[in-house]
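Novice: Okay, here's what each chain looks like letter by letter:
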Amino acid sequence: MAESAVAAGAGEVVHVHPEELGFWRTYVFSTDHKMIGKQYLFLGLFMAVVGGLLAYAIRWQLAFPDTEVPGWGFVGPEDYNALVTMHGTTMVFFVAMPILLGAFGNFLIPLMIGARDMAFPRLNRLSFWTLLGGSLVLLSSFFVPGGAASAGWTGYAPLSARPIYTGVNWGLNLWLLAHAIEFASFLMGGVNFLTTVMIMRAPGMTFFRLPILIWQLLTAAVVFLLSVGPLIAGAIMLLMDRIAGTSFFVPEGGGDPLLWQHLFWFFGHPEVYVVLLPAVGLAAEALPVFCRKPLFGYRWIIYSTLTTAILSFIVWAHHMFVSGMDPRLAMPFSFTTILISVPFAIMVFAMIATLWGGSIRFTTPMLFAVGFLSMFIVGGLTGIFNGSAPANIHVHATYFVVGHFHYTLLSGVLFGGLAGIYFWFPKMFGRMLNETLGKIHFWLTLITFNATFFPMHLLGLGGMMRRIANPMQYEFLQPLQPLNVFITVSAIGLLLAQLPFLINLVWSLAAGRPAEANPWEAATLEWSAPSPPPHGNWGEAIPVVYRGPYEYSPPEVAQDWLPQDRALAARPG
Amino acid sequence: MEASVATRTAPQILPGKVGVWWFLASEIMVFGGLISSYIVARLASSGWSAEAAHLSVPIASLNTLVLLTSSMTMVLAFGAVGRGDRRGVRTFLLCTILLGLTFLGIKAYEYSSELRAGFMPVTSPFWNFYYTMTGLHALHVLAGVITNLSLFVAARRGLRNAHRVELAGLYWHFVDVVWIFLFPLLYLT
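The listed protein sequences derive, respectively, from chains A and B.
Numbered per the numbering used here, the first sequence spans residues -2 to 570.
Numbered per the numbering used here, the second sequence spans residues 25 to 213.
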C-alpha cells in the first residue's frame, strides 16, 4: 500500500542534462554543487597549507627567538604580529569555513536531502568565486608596502583604527576588504543552504528525517547570517576610522574602543559555533555508520543544536572580562557561557552513547570522528575555566586560551574535517583513500596534536602571554622556554604528519581503488547515488524517503542497515 | 519502523522569495548593529541633541515622503505584474526609480549644505554616525535603483521574469523601513 503512494509521490518529471559540458564549464565555472564543493575543499586545503606555514614561522620564533627561521627568513616583532594575525584570519575564515561549510555543505546538502542541485546554482558559483577573490586579496596583503595586517585576528581598536598605530596601512585595509568579501560569499552561501533545505527536500524527507549534519549546517548558516551583520557594521565603522578619519573607536575623538570588541565578539563567538556545529555533524554522521547502531538521541541532538544556536548570541562578552567593560556584566555572561556547555555536553554524551554496545569498525573516518570527540572534550573542559570570570581573569590572554581554542576549533577542523574527508572521499571522487596511510596519518596527528597544544595550558598557567614575540625577554618565562621548544618541535611534527594525508590524497585521486556506491554500508541518501554522482545526482527518479537516517541493525531486514530510500512491505501479521 | 510516506511537505514557494527573506534577515542585523551602536553611544554621552538640531527636519520629512511614495509605486508595479499589465509594470517601475533618484538627489543636497556649514564626517561622534548610517542607507537605495532599472529594461521584452519585481519590492520596502528608523533616530531626537 505504501508502494503506490510512493509511485505517485515520486512521479515527478525530471530534467537530467544529457549534453556534455566543456572543460571550463565542468571544472572551473561549474554550477554543479558537487564540483563547487570540491573547489571549496581544494581552496580550503591550499589556504590550510598557507596557514600552517605561518604557524611554523610563529612557532620557530617563539622557540628560538630572533634567529633565522629555516626556509623563511628573519621574523622581527612587527613581522611576528603580522604572522599571528594572518594565521588566525586564514585559519578561521579561509580554511575552517570553506572546508566545513563550503565543501561539505555544498557537496552534501543536495545529496543528503535528495535534491539535484542547490536552490540557486549560479549564486553558488558566485559565492565560490567571491571567496576565491577574497582569498587572493588576503594573500596579496602580504606583498603591499608596510606588510600584512598586524592588529591581531580580532583587530582590536584603537590599535587597528589608525594606520600609524601599527605602521600598517594597506595591509590592514586589504585585510578588512578580504573579510568583507568572505562575508559576502558566505552570506550568499548561507542563503543558498537555507533555501535549498527548506524547499528542495525529496518526497518523504521530513525535517526529522534529515541527517544531523544537515541540521548542524542549517543552524550554522542561520547563526552566521544573524551574527555577521553587527561585525559588518563594525567593519564599515573601522574602515571609516582608517580612511575617512572618523573616530568611532578612537577615544581622542570621543569614540569607544570597547564598541569594536562588542561588535566583533557579537559575531566572533557565534562564529565559533558556525565552525564547530558542522564538525560535530561530520563526526555524528560517521559514528552510527561505523558502530552499526542508530545515533543515540537524534532529536535531543537537534534540540541541543538549536539551544546552542540561541545561547551563542548571548555569551560574547566572556571575551571581554578584563577589557574594562562594566564588571556587573561579568556574572550574567559567565552564567550564559557555562549554560551553553549543557547543550554541547548533551551532544557529546549522545555521541558517546552511540558508541556504547556498538559493533565498532575502526576505519580511518571512525578514528578521526572519535579523535574529534575526545579532543573536543578537552577543549570543552578548558572552556569552563575561560568562561567563569574569576578563573578567566587569571588565564586571560595567556597561552591557556591558545591551547583551549586550538583544542576546540582545530579539533573540529582537523579531526572533524578529516573524518568528513576520509568518509566522503569515495563519494566525492569515486575512489577509496588508502586505509594504511590514513591510519598512520591519524595516529601521528593525534600524538603531535596533543604534544603541541596540551603544554600550552601549562605555559599559560605559568603566565606566558599569548601575543608576545619573544618569551626570553621576560625573566619569569625563561624557565618555561624548554616547553616552548618542545611545542615547536611537536608543531613541526604535526605539520609533517599531514604529509601522509597529502600523499594519500594525490595518490588515491589518481590510482585509488574504485569505490562502489555504498562502500561503508551507510543508510543516508547520498550513498544511494553512484560514486561519484553524475550531474543531477540520480538517474531518472529522485529517491523517495521512508525513514530516518540512522536505521542500523534493524530487526526487519537481513542486512544490518536500512537505507532511507528503501520501502518495506507492510509487516506480516 | 515502517513509516508512511509523506508527500512533499514543502509548499510550492518561489525559491527566490525564501532567499530574499534570509538575505533581508542578515541585512537587518547589519543596520541593527549600526543603530544599536548609535543608541548606546548616544545614551552614554551628552550634547548630541544640540548637534542633531543642525539637521534640516523639513528636508528630511520631504525625503521620507518621497521614499514612502516610492514604496507605493513599487507595490503598484507588483500589482501590474499580477494583472499581466506590462505597460503598468514599466510605468510604475520608472516612477519608483525616479523617486529613488529624487531621494538620493535631496540627500546629496542635504550633505552638501551640511558640509558647507562645516559639519564634516570627522567633526564629532554624532556626525561620524550620521554620515555612516545615512551613507550606508543611500548605498542601499542606489542598489535598489539599479535593481529596479534592470527590471525596467527586462520588462521591455516581456514579463517572463516578472516575479523578480516582487523580490525587488521586498528589498525596496526593507530599505524604506530602515529609513523609517533612521529618520527619528537622527533627526527628531
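It should be emphasised that the hints constitute simulated quantities derived from the structure, not laboratory data.
Among the hints, a few may not be true.
Claimed, not checked - Part of the chain A face toward chain B, derived, beta carbon under 10 Å:
hint: 1; residue: Leu120
hint: 2; residue: Leu123
hint: 3; residue: Asn189
hint: 4; residue: Ile229
hint: 5; residue: Asp238
hint: 6; residue: Gly242
hint: 7; residue: Phe245
hint: 8; residue: Gly250
hint: 9; residue: Asp253
hint: 10; residue: Leu260
hint: 11; residue: Phe264
hint: 12; residue: Ile444
Bear in mind the structure is a predicted one, so any value in this text is a computation, not a measurement.
Every residue gets a Cβ at the ideal spot worked out from N, C-alpha and C, and that includes glycine.
Novice: A separate judgement is required for each hint: does it hold in the structure or not?
Specialist: We went through each hint and held it up to the structure:
The restraint placing Leu120 of chain A at the interface with chain B holds, with a minimum CB-CB distance near 8 Å, inside the 10 Å limit. Proximity of Leu123 of chain A to chain B is violated relative to the hint, the smallest CB-CB distance being about 13 Å (cut-off 10 Å). At about 7 Å, the closest approach between the beta carbon of Asn189 of chain A and any beta carbon in chain B falls short of 10 Å, and the interface hint on this residue holds. Evaluation of the Ile229 of chain A hint against chain B yields a held restraint, the C-beta minimum of about 5 Å falling below 10 Å.
Evaluation of the Asp238 of chain A hint against chain B yields a held restraint, the C-beta minimum of about 8 Å falling below 10 Å. Checking Gly242 of chain A against chain B by beta carbon gives a least distance of about 5 Å; that is within 10 Å, so the hint holds. A hinted interface residue such as Phe245 of chain A counts as satisfied when its beta carbon comes closer than 10 Å to some beta carbon of chain B; here the least separation is about 6 Å, so the hint holds. Interface restraint check: Gly250 of chain A against chain B, minimum CB-CB distance 7 Å, threshold 10 Å, status holds.
Taken as an interface hint, Asp253 of chain A checks out: its beta carbon lies about 6 Å from the nearest beta carbon of chain B, inside 10 Å. For Leu260 of chain A, the interface hint holds, since its Cβ comes within 10 Å of a Cβ in chain B; the closest pair sits about 6 Å apart. Annotation: interface hint on Phe264 of chain A holds; nearest CB of chain B at approximately 9 Å, less than 10 Å. For Ile444 of chain A, the suggested interface contact is broken, since its CB lies about 42 Å from the closest CB of chain B, more than 10 Å.
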